[in-house]
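Same order as they appear, the protein sequences are chains A and B.
Residue numbering for the first sequence follows our numbering, starting at 1 and increasing by one per position.
Residue numbering for the second sequence follows our numbering, starting at 1 and increasing by one per position.
Rather than coming from a laboratory, the hints here were simulated on the basis of the structure.
Where hints are given, some of them may not hold.
Any copy, or any two copies together, can satisfy a pair, since identical chains are not distinguished.
[What the hints assert, rightly or not] In silico DMTMM-like links for lysine to aspartate or glutamate, alpha-carbon gap of 25 Å or less: (1) Lys335 x Asp175; (2) Lys213 x Glu352; (3) Lys256 x Asp140; (4) Lys256 x Asp171; (5) Lys131 x Asp261; (6) Lys211 x Asp297.
Number of protein chains: 2
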Amino acid sequence: MKKNKALLVSVLVMILVILSGIATLTAQEISWMRNRVVSPEIHTDNSVTFRIFAPDATTIKINGGWMEGWGTTEPLVKNDTGLWTLTVGPLQPDIYTYTFQINGITLMDPANVQVMRDGTRYASMLLVPGKASELYAVQDVPHGTLSKVWYESPTVNMTRRMYVYTPPGYDSGSDKYPVFYLLHGGGGDEDAWSTLGRACQIMDNLIARGKAKPMIVVMTNGNPNDAASPGEAPPRKVSSDPMSGIGGMGSGVFEKSLVNDVIPFIESHYRTLPGRANRAVSGLSMGGMQTINLAFDYTDTFDYFGVMSMGLTPPQDGRDWFPDVDTRIKNLEKKGYKLYWIGCGTADFLHEASGNLVAKMEENNLEFTYRESSGGHTWSNWRIYLSEFAPLLFK
Amino acid sequence: MKKNKALLVSVLVMILVILSGIATLTAQEISWMRNRVVSPEIHTDNSVTFRIFAPDATTIKINGGWMEGWGTTEPLVKNDTGLWTLTVGPLQPDIYTYTFQINGITLMDPANVQVMRDGTRYASMLLVPGKASELYAVQDVPHGTLSKVWYESPTVNMTRRMYVYTPPGYDSGSDKYPVFYLLHGGGGDEDAWSTLGRACQIMDNLIARGKAKPMIVVMTNGNPNDAASPGEAPPRKVSSDPMSGIGGMGSGVFEKSLVNDVIPFIESHYRTLPGRANRAVSGLSMGGMQTINLAFDYTDTFDYFGVMSMGLTPPQDGRDWFPDVDTRIKNLEKKGYKLYWIGCGTADFLHEASGNLVAKMEENNLEFTYRESSGGHTWSNWRIYLSEFAPLLFK
């Protein structure tokens with residue numbers, strides 16, 4: 001930045017600050033305004049009004065999950081008290097995340113207590129009610145228990161954390177249950193399915209309606225060298241680890257630890273039904289890759305596979321993500337299975353890879369269910385896939 | 001706001017935006033800068049550097065828990081790439097929350113994934129390491145399980161949520177354990193002790209060091225008419241409820257539901273040791289009031305009481321918060337107890353009320369332990385109190 005221009009900008013800022021200072025409300029008035037802002041307000045037609053009180057801001061925009069295109073924004077409009085407003089929609093029933101942008105800075109809606117973390121980013125959460133989202137809402141039905149559980153993983157020589165959902169009735173009964181292992185995507189962790197994925201609400205509601213069998217749902221951390229989600233693990237002994245986070249993808253280490261460490265822990269600590277007829281696995285994106293590998297290499301462990309937003313991706317920069325696929329896929333035929341389910345959105349950047357998996361299954365005369373949805377590589381799709389896949393299990 | 005001045009401000013803003021626009025970096029450069037910001041950076045002497053990349057902001061301040069006085073801020077300084085920086089401290093080992101303020105708007109540190117919710121407000125979290133905070137860190141020790149559990153509460157005719165910590169070894173053993181009921185303050189909910197209060201880390205670390213007995217810790221929602229924390233409960237059937245949130249304080253309804261609903265649920269669903277010798281209760285602020293009431297009215301239920309940052313507050317606007325105290329306190333003497341612990345900070349606005357409780361105990365020749373700390377009505381104190389109170393239980 002040139003010095004003279006910087007000086008001019010500074011002087012203008014100073015004038016502006018002085019003028020705004022005179023014009024703005026008292027601290028008490030500002031505090032009062034801020035505390036009575038209602039945002040988001042969902043109207044009866046599912047249009048939604050967003051509000052933020054920011055008398056000193058010069059531009060405020062909103063970025064929301066209902067908008068087409070990544071990084072799209074819409075401006076809010078300021079009134080003379082400093083309250084900024086925008087009404088959008090009507091929106092389709094779903095869960096959306098959104099953020100405000102003030103002078104280039106992203107922040108959550110200060111009036112909205114509902115927040116979602118996606119990897120390292122936080123955003124405000126909006127549930128637009130309706131038929132398509134009623135499985136995602138906390139309903140007045142029996143609720144399962146969600147537990148944050150630590151287990152030993154000799155495969156990676158680490159104590160690791162996972163989330164375990166036990167269905168309503170588990171804690172007061174003596175029944176044994178089948179187990180569904182539900183895997184997150186790259187950048188995610190063991191927290192993702194129960195927050196962004198609404199897994200507990202979806203399972204509670206499906207079970208209450210008799211649509212899904214009561215089952216245990218195990219949500220692991222699929223990054224084999226991370227003990228737990230950010231801030232929840234003891235400090236690492238190594239300063240950098242290429243296997244940390246998404247770096248472990250394709251190594252097969254997570255898949256091995258799931259079968260050798262997680263499943264024995266679950267089956268020795270919970271009342272579970274035995275055998276592969278009572279085990280299902282499904283994952284999205286990176287978790288979909290892990291599911292593909294588990295179906296190839298551990299088909300005698302599971303009878304149900306769900307591959308969400310993933311497929312046979314071509315080699316990248318000389319790396320073959322699915323080596324020996326033609327040999328390994330023979331395991332599926334040899335050992336058999338009850339369900340191989342593939343779900344992908346038409347706008348997903350892995351739609352073609354998903355098509356490759358479909359083609360490979362057909363080439364080998366292997367049965368599968370293919371569910372093509374609209375939309376892309378989004379939680380909106382993964383919540384739909386979970387809602388449709390879980391009812392197919394253990395029947 | 002006067003129209004002419006508003007117009008002048010608008011024109012100056014436009015000039016400023018145009019000038020800044022020319023001077024700023026490309027979108028790609030901005031994205032690159034934003035993604036490599038490290039904040040907070042804790043130096044070896046426990047001074048801490050905060051950074052935020054915001055080329056278009058005109059002022060950025062920080063408000064942090066280490067600062068004296070409510071609402072105190074310190075300015076960050078901008079360099080010519082648009083990166084704002086401030087180094088503070090060295091800070092005392094503890095957990096702090098902090099927020100940035102940009103042109104009057106409060107936001108979290110975008111580079112920090114660790115976040116804490118206090119009621120309806122979110123802030124970034126900073127753990128400054130050292131002897132005084134090592135119980136709060138996730139250490140490489142055995143970890144207990146934290147479960148989000150739903151239970152029927154006939155007292156309030158509602159299905160409600162609580163958090164249950166079971167100690168390391170619980171899930172793989174057959175031992176029975178004593179139970180510690182840990183209550184939050186006004187504005188809080190069942191989530192507060194395990195997040196702001198670091199209860200799981202404190203218990204894990206105390207147990208690993210042999211300082212506290214392995215015990216179950218039950219963290220309820222102390223607002224008797226709220227089923228669960230914001231967004232986690234089914235929609236209410238009533239639009240407004242004077243007993244919701246802190247409105248139920250002093251009604252005695254929560255205390256009744258704890259004894260009649262929570263304790264029977266815990267003792268029928270978990271492996272617990274029987275009788276009052278194996279039950280403790282402690283709470284902060286509103287939870288301290290509930291603890292005082294439980295000691296007066298249900299002393300045959302508990303042998304251990306911990307009153308944090310609360311005491312005998314005088315009547316307010318004609319409302320007597322502790323009616324019949326002289327009669328009810330006789331129960332304590334009559335039925336006996338093992339520990340009555342009172343903790344308060346010298347700067348706490350309830351320090352005088354705490355003194356009233358001390359005086360009333362002395363007046364009745366009742367034994368108690370009084371722990372006076374520095375500081376005020378803060379989580380910094382409540383974490384210390386939990387760290388000191390838990391080791392005294394069930395011995």
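### Query
Between the shortest in-copy and the shortest cross-copy C-alpha distance, which are at most 25 Å for Lys256 and Asp140: within, between, both, or neither?
For Lys256 and Asp140, only the inter-copy Cα distance (23 Å) is at most 25 Å; the intra-copy one is 39 Å.
### Task
With 25 Å as the alpha-carbon cut-off, assign the pair Lys211 and Asp297 to within, between, both or neither.
Close neither inside one copy (30 Å) nor across copies (46 Å); limit 25 Å.
### Homomeric proximity label, Lys335 with Asp175: Cα distance no greater than 25 Å
neither (29 Å within a copy, 42 Å between copies)
### Query
With identical chains treated as interchangeable, where does the CA-CA distance between Lys131 and Asp261 reach 25 Å or less: within a copy, between copies, both, or neither?
For Lys131 and Asp261, the Cα distance exceeds 25 Å both inside one copy (39 Å) and across copies (35 Å).
### Task
First find the shortest C-alpha distance between Lys213 and Glu352 inside one copy, then the shortest across copies, and answer within, between, both or neither for a cut-off of 25 Å.
neither (33 Å within a copy, 57 Å between copies)
### Task
With 25 Å as the alpha-carbon cut-off, assign the pair Lys256 and Asp171 to within, between, both or neither.
Only across copies: Lys256 and Asp171 sit 24 Å apart there, 30 Å inside one copy, limit 25 Å.
Going through the hint list in order, the structure does not satisfy hints 1, 2, 5, 6.
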